[in-house]
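Model the full assembly from the supplied sequences, consistent with the hints where possible.
Chains as they are written, first to last, in the UniProt record's numbering: chain P, 1 to 191; chain B, 1 to 191.
It is worth saying that the hints were derived from the structure and are not from the lab. Just so you know, not all the hints are guaranteed correct.
No distinction is drawn between identical chains; accordingly, a pair holds when it is met within one copy or between any pair of copies.
Think about it this way: if two alpha-carbon atoms lie no more than 27 Å apart in a straight line, the pair counts; the simulated DSSO-like pairs of lysine-lysine are [claimed, not checked]:
id: 1; residue 1: Lys15; residue 2: Lys142
id: 2; residue 1: Lys113; residue 2: Lys10
id: 3; residue 1: Lys5; residue 2: Lys142
id: 4; residue 1: Lys10; residue 2: Lys142
id: 5; residue 1: Lys112; residue 2: Lys21
There are 2 protein chains.
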Amino acid sequence: MELLKQRIIKDGRIKPGNIVKVDSFLNHQMDVVLLGEIGEEFARRFADQPVTKILTIEASGIGIATIAALHFGNVPVVFAKKAKSKNLDGALYLSQVESFTHGTVSEIQVSKKFITRDDCVLILDDFLARGRALLGLIDIVKQSGASLAGCGIVIEKGFQEGGQTLRDMGVRLESLAIIDRADENGFVFRN
Amino acid sequence: MELLKQRIIKDGRIKPGNIVKVDSFLNHQMDVVLLGEIGEEFARRFADQPVTKILTIEASGIGIATIAALHFGNVPVVFAKKAKSKNLDGALYLSQVESFTHGTVSEIQVSKKFITRDDCVLILDDFLARGRALLGLIDIVKQSGASLAGCGIVIEKGFQEGGQTLRDMGVRLESLAIIDRADENGFVFRN
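Next comes the structure, spelled out in structure tokens:
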């Protein structure tokens, strides 16, 4: 997605350790106009799928998924929760996820009420690096018996293994920008 | 907001300890059509304010704020983070917040880059109970020197002290539904 790549070049920053920072428009401050374009692009790429629900994970995925849902016929958005909460009760789908960014392992949770075998679920998230969060979300979709439309990612770090792992599993993965290198010379995108 | 009250009556549930559960449409699964109506209502109520930024806090506030921003001329949304993250660097506004729901105290964080004295900030969140999260966000707006347009809340628990505390401070508070009682007899809303 050319618009997104241009925005990453313009406003993204690279920190030591291959940390790609897009906090000015994607995951701390959010440009809702860009999110609209991103949602439209996901809708184009998954137009052949009868998506009934969008699944994401707190926190940064929520804004992306919510605006994208407007381009998928207003399907409901469900976000997996990372922490135990008094707001969650009843039967839950659980999956273990290790966070590279935060250096923690957590159990992600989705109420069984909100994803069933009748659903066709599209998973959306902001970043794909090692793929742990996506694998947890895919595991939850499998537990539910729903069909998986695929995974839509805003930025894939092509130099980490998550994308390859998912493609090898046969998951349909649509990444709007794949960064193959991010260093002192700037960003290199996969074509 | 009548539509919201009807939805709370229809799909909300009451758990022992005055826990109001709206996880089927607001804070776990999200009905984006309802979020659109909510965003439009906030825009009507704050139409006199030259809002330049919407501030919320992860996680449930993000979907509400993002869709609301579409009704405020596409202003950027900033969400405060509850946990330290490798994604945050540089100068930060910090404020202490106690969570009633999760039984924890956390330090919320917003990058100083994204709220400045030139901003007019609208704070949005899903719930107001004891008001700790809102007080933290208001503290951050004060630290920034920005002007505060006010606070927009989807559901205020009128039987807890947060709303009164904020009104006594002179904060402009717009709650779309105020629940004065939630028990085995159902919901009672303030007129």
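Results of checking the hints against the structure:
no., hint, result
1, Lys15 / Lys142, "neither (36 Å within a copy, 30 Å between copies)"
2, Lys113 / Lys10, "between (42 Å within a copy, 16 Å between copies)"
3, Lys5 / Lys142, "neither (32 Å within a copy, 35 Å between copies)"
4, Lys10 / Lys142, "neither (39 Å within a copy, 30 Å between copies)"
5, Lys112 / Lys21, "between (34 Å within a copy, 15 Å between copies)"
Hints 1, 3, 4 from the earlier list are contradicted by this structure; the remaining hints agree with it.
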